[in-house]
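Could you put the whole structure together from the sequences, leaning on the hints where they help?
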Amino acid sequence: FSDLQSFFLEGTRQAVEEIRSEVRKARGLQDGSAENDPVRRIRGAFQVFFDAIEKNKEMFLMLNRRRHDPGPYGGLIRRVFAEFVQDLTEDLETASKAGFTARLSPRLVAEAILGMSMHIAQVYAEQSGSRRWLDRKEAVDTLTELSLTGMLKEGSSRG
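Residue numbering for the sequence shown follows the numbering used here, starting at 463 and increasing by one per position.
Since the hints were made in silico from the structure, they are not lab data. Note that beta-carbon positions come from the ideal geometry of N, C-alpha and C, so glycine has one too. Just to be clear, a hint being listed does not mean it is correct.
Said to hold, decoys possible - Lysine to aspartate or glutamate pairs mimicking EDC-like chemistry, simulated, CA-CA at most 20 Å apart:
no. : residue 1 : residue 2
1   : Lys517    : Glu588
2   : Lys519    : Asp465
3   : Lys599    : Glu588
As the list claims (entries may be wrong) - Distance ranges between label pairs, derived from CB positions:
no. : residue 1 : residue 2 : range
4   : Lys559    : Ser464    : 45 to 51 Å
5   : Met524    : Arg565    : 36 to 42 Å
6   : Lys487    : His581    : 22 to 28 Å
7   : Gly473    : Leu566    : 33 to 39 Å
Next up, the structure:
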């Protein structure tokens, strides 16, 4: 690497790609075993996401705070967000074709879910000690439910 910035950017890119790969696995997209149950797929993806936050809380906080920077760090984060939005959009399009979802724009819903998820993850990661009010299970359950609210057709696979 020619400088520390290049080293950091490449390390960050690799770490984020590993998280994306794990989320894709949880969604059943890498090996073609995608379940036909969007609730389980979305919950699994959030569980993997929170695993990654717990393993690298400080890195997550730093990256999330810098996502609007105009320089290379912000650019990397925005590219990663766009990749996550594309993955989620594909999931929503698949669910729509299978008749699970209402008629909402998959891309717009994906953008909304990512924004909501990043904010809740930030709140969760910033908590410490006696100020902790949000536990992981509640965060995953709430994000899963909110992600599906208004998307699933009545009588779909929600239990």
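Now the hints, each set against the structure:
no.	hint	verdict
1	Lys517 with Glu588	holds (14 Å)
2	Lys519 with Asp465	violated (25 Å)
3	Lys599 with Glu588	holds (16 Å)
4	Lys559 with Ser464: 45 to 51 Å	holds (46 Å)
5	Met524 with Arg565: 36 to 42 Å	holds (39 Å)
6	Lys487 with His581: 22 to 28 Å	holds (25 Å)
7	Gly473 with Leu566: 33 to 39 Å	holds (37 Å)
In summary, the structure is inconsistent with hint 2 from the numbered list given earlier, while agreeing with all the others.
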